[in-house]
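So the chains spell out like this:
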Amino acid sequence: MKKFFSVADVADLHGVVQEALSLKSSPHAFEHLGKNKTLGLVFLNPSLRTRLSTQKAAMNLGMNVMVMNMDKDGWALETQDGVVMDGTTVEHIREAAAVMGEYCDILGLRSFPGLKDREADYTEDLFNKFISYCGVPVVSLESATRHPLQSLTDLITITEHKAVEKPKVVLAWAPHVKALPQAVPNSFSEWMCKAQEQGLVEFTIAHPMGYELCEDFTKGAKITNDLEEGLSGADFVYVKNWSSYVDYGQVYPVAQSWMMDNRKLQMTNNAKVMHCLPVRRDLELSSEILDGPNSLVIKEAGNRVWAAQVVLKRMLENL
Amino acid sequence: MKKFFSVADVADLHGVVQEALSLKSSPHAFEHLGKNKTLGLVFLNPSLRTRLSTQKAAMNLGMNVMVMNMDKDGWALETQDGVVMDGTTVEHIREAAAVMGEYCDILGLRSFPGLKDREADYTEDLFNKFISYCGVPVVSLESATRHPLQSLTDLITITEHKAVEKPKVVLAWAPHVKALPQAVPNSFSEWMCKAQEQGLVEFTIAHPMGYELCEDFTKGAKITNDLEEGLSGADFVYVKNWSSYVDYGQVYPVAQSWMMDNRKLQMTNNAKVMHCLPVRRDLELSSEILDGPNSLVIKEAGNRVWAAQVVLKRMLENL
Amino acid sequence: MKKFFSVADVADLHGVVQEALSLKSSPHAFEHLGKNKTLGLVFLNPSLRTRLSTQKAAMNLGMNVMVMNMDKDGWALETQDGVVMDGTTVEHIREAAAVMGEYCDILGLRSFPGLKDREADYTEDLFNKFISYCGVPVVSLESATRHPLQSLTDLITITEHKAVEKPKVVLAWAPHVKALPQAVPNSFSEWMCKAQEQGLVEFTIAHPMGYELCEDFTKGAKITNDLEEGLSGADFVYVKNWSSYVDYGQVYPVAQSWMMDNRKLQMTNNAKVMHCLPVRRDLELSSEILDGPNSLVIKEAGNRVWAAQVVLKRMLENL
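Chains as they are written, first to last, in our numbering: chain A, 83 to 401; chain B, 83 to 401; chain C, 83 to 401.
Be careful, since some hints might not be right.
Any copy, or any two copies together, can satisfy a pair, since identical chains are not distinguished.
[Unchecked claim] Straight-line Cα separation of at most 27 angstroms, DSS-like style, residue types lysine-lysine; simulated pairs: (1) K381 <-> K211; (2) K106 <-> K84; (3) K106 <-> K119; (4) K117 <-> K84; (5) K381 <-> K244; (6) K248 <-> K106; (7) K260 <-> K84; (8) K117 <-> K106; (9) K211 <-> K85; (10) K211 <-> K244; (11) K301 <-> K84; (12) K211 <-> K119; (13) K301 <-> K85; (14) K119 <-> K198; (15) K301 <-> K244; (16) K260 <-> K106; (17) K260 <-> K85; (18) K84 <-> K244; (19) K85 <-> K119; (20) K84 <-> K211.
Source of the hints: derived by calculation from the structure; they are not laboratory data. These numbers come from a predicted model, not from an experiment.
Model the full structure from these sequences, guided by the hints.
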């Protein structure tokens, strides 16, 4: 594996999940694979779970890890070509990426969208340039439009906890106070659509009018604006807020209650509840669910390690 | 050891000091104990000595270390239950702690008091919740009311440098420009009171009127408002500023000079002078003392490694 | 080696370059040399290449690395003696350096000049005090007046890529939007002057009037204010901006074009072009050069590892 950016980078969904679960049962089985190899984690935006779980995964494989926090103020990168750099950007991504590639065998990159210019965000310009210029394999630690390590984690978690062969999985929009990116729901959707194609799940998306995701990510999904209809018979409910794709980056007032709570849980098939975290309690998801037996959120976060580890393992094997 | 938060977590003061000194003479004797174990150090407030010494201690034991700097602006934690999280806190401590527990075998946490609401600070709500929710052993890297790694260091240092069986140890208040927490003096006091009970030291606290510490930490200590009386015959003088506990977080003008200097040193039994650092030169403690033969401050800082290492060793043995 | 601060700390320029190239061909040959040794990297100013390359070098030698980012706001150090510390500085360099020396076997320090007070910057007060007080070997990660790891890297890179026995090397001033320190050009100049003395290169400096470097660094160099004259017959062009030393820290308007581009490259002997990075594209150096076959900037950045590694290796051998 040379790149882990979208579901298209994984040929065998079932195989990668099984390999991740095998690493979970023997975390140190490949601790010599990463000896004298260096993983560089580049964060243009802050991270908690992603940084820790990827660092842990790399250490389990015996790798060295170097973390670079390059917030936009401290080390602003120029991404456009042909610009006279007489402004506030201090380094061009051509040099920054190539230099980091000199020091690292594998690089991870996190870069959030601006949520102002949809075209700019959805072309994934920065990410693609980073991949082109750094010259080493790149793991996405969340880009403008996708968060594939999270989605692989989610598929691992669903596989571990499913009680039926082909569970009904529902991505349910939930309220928030901020305008959040579509990266997590886009990515979850593209992974679940592919899992559905392979007969692994049945996938539904429920969201209020105006919160339609980009169709590139939702092909094959059943989509409804009726939360109750979506939840009916669900085995897994994946709760997540996102801002509008259509009216890009905007947030609409939503009349109906879309917070996931125990009353709504009753409409499901005693569903397990998932969330990528951080979660706003009693706004997105009720405390009673988070603290109750149906919540998988902590185990899901724990599985971030095995998603990262299987990706790094495959990259190391291919260096 | 499952928790290192106060002196109550150490059954055998003498034993733990001897074990620390033994690690000091053989730092790498237990380097296999921490193999494939991960220490997570969570800082809600900045740290220099504590982070470096604990990281060094963990590496001496062969552990991996991950550091998380979560300042209050960047990743504000909600600690109250039943709050609708529609404000500025981005994650509840229930999730944050539990997730970090998924990635780490032992966690360290630093969290300073607000110094506004004594009740809130002294209940150690955040710390206790972190311990409850993370599910792994927790080392305090300084909490609202205590700094036990510092106090253990101090007892190690006194043990190493004492010239008499039962030295007179004086905690002497000193001036500062800022309102500082009571964590270091509280903790030093509770460790010295216990050491006094066990016949290891004789303990006196000297401070101006209005700077009385919480009595929970000072039981058995001799307390005086007369610095000269306190210093008389002292073998060790532990210099430290703190703000008022009674009129919580306030700073009073102090008429008399409370800065420790050579003139005052003459009143002692040629005392060794200690300070947890950072120290304000010529405000808390004179340069002549800091640069002279009676200062232990650098050796004391060096001993932070062995305090952390003995605590981590005991936790690792008990995992 | 106890200190790596200027070219004077290296007795044998040729030997150190050859040793670095030998490490480049066998990066892990000395991986046991640093076992249980700790490198502390202290940054009073931000760093990308220097931190990553030095960390990588240390890991190649089997060392543990601890990074301390102490920006001026967060942990302001007092450097003057005899000051009552009742202001904004929180710790004196005497204590800060000594404490870090307790935890580390080797320390690296980065500290930029203020560019306000030439006398203060050029005495290298902070750096010299840090060296005096920390008690362990110190590597400069760039000081107020020098950047020796960069200059050693540059000599390694020139040695690798030279086509003639004694290439003509030109340090060519270039425009920028900010007032930059003289550390890189000072250091490059003192290394090239020494290399010239040893018959390794022929060295010329080209800069506009008013940008004369301090003569301590340029003894033996040919100096011209005519860029075309300087570039004539050059085998290597080292492009770099700096602010005025004479009118300290100031920036003058420069009438003539001093940006390095393909037209100017034609005046050279098909010169290789170098830059320490980060580079402002199309302001200091044209994109056509940076993206073309004459640029060495990425390989040069890559060589930072071997410069750091040979220095650390010599220090470890001498502990």
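Each hint, compared with the structure:
Within a single copy, K381 and K211 get their C-alpha atoms only as close as 34 angstroms, which misses the 27 angstroms cut-off; across copies the closest is 19 angstroms, which meets it. For the homomeric pair K106 and K84, the shortest alpha-carbon distances inside one copy (23 angstroms) and between copies (25 angstroms) are both at most 27 angstroms. Taking identical chains as interchangeable, the C-alpha atoms of K106 and K119 lie at most 27 angstroms apart whether they share a chain (21 angstroms) or sit on different chains (15 angstroms). Proximity of K117 to K84 under the C-alpha cut-off of 27 angstroms is restricted to the intra-copy arrangement: shortest distance 19 angstroms within a copy versus 30 angstroms between copies.
In this assembly of identical chains, the alpha carbons of K381 and K244 lie at most 27 angstroms apart only when taken from the same copy (14 angstroms versus 51 angstroms across copies). Only within a single protomer do K248 and K106 lie at most 27 angstroms apart by alpha-carbon distance; the minimum there is 23 angstroms, versus 53 angstroms between protomers. Within a single copy, K260 and K84 get their C-alpha atoms no closer than 34 angstroms, and across copies no closer than 39 angstroms, so neither meets the 27 angstroms cut-off. Proximity of K117 and K106 under a CA criterion of 27 angstroms is satisfied in both settings, with 20 angstroms inside one chain copy and 17 angstroms between copies.
Proximity of K211 to K85 under the C-alpha cut-off of 27 angstroms is restricted to the intra-copy arrangement: shortest distance 13 angstroms within a copy versus 40 angstroms between copies. Taking the shortest alpha-carbon separations for K211 and K244, neither the intra-copy value of 39 angstroms nor the inter-copy value of 31 angstroms comes in at or below 27 angstroms. With identical chains, the CA atoms of K301 and K84 are at most 27 angstroms apart within one copy only, with a shortest distance of 26 angstroms there and 50 angstroms across copies. Taking the shortest Cα distances, K211 and K119 sit within 27 angstroms of each other inside one copy (23 angstroms), while across copies they are farther apart (37 angstroms).
When the C-alpha separation of K301 and K85 is checked against a cutoff of 27 angstroms, the pair qualifies only within one copy, where the shortest distance is 23 angstroms, while the shortest distance between copies is 51 angstroms. Proximity of K119 to K198 under the C-alpha cut-off of 27 angstroms is found in neither arrangement, the shortest distances being 38 angstroms within a copy and 43 angstroms between copies. In this homomeric assembly, K301 and K244 come within 27 angstroms of each other (Cα to Cα) only inside a single copy, at 23 angstroms, whereas the closest approach across copies is 57 angstroms. Within a single copy, K260 and K106 get their C-alpha atoms no closer than 35 angstroms, and across copies no closer than 49 angstroms, so neither meets the 27 angstroms cut-off.
In the homo-oligomer, the alpha carbons of K260 and K85 never lie at most 27 angstroms apart, since the shortest distance is 31 angstroms inside one protomer and 37 angstroms across protomers. Neither within a single protomer nor between protomers do K84 and K244 lie at most 27 angstroms apart by alpha-carbon distance, with minima of 31 angstroms and 34 angstroms respectively. For a Cα distance limit of 27 angstroms, the shortest separation of K85 from K119 inside one copy, 17 angstroms, qualifies, whereas the shortest one across copies, 29 angstroms, does not. In the homo-oligomer, the alpha carbons of K84 and K211 lie at most 27 angstroms apart inside one protomer (15 angstroms), although the nearest pairing across protomers, at 42 angstroms, exceeds that limit.
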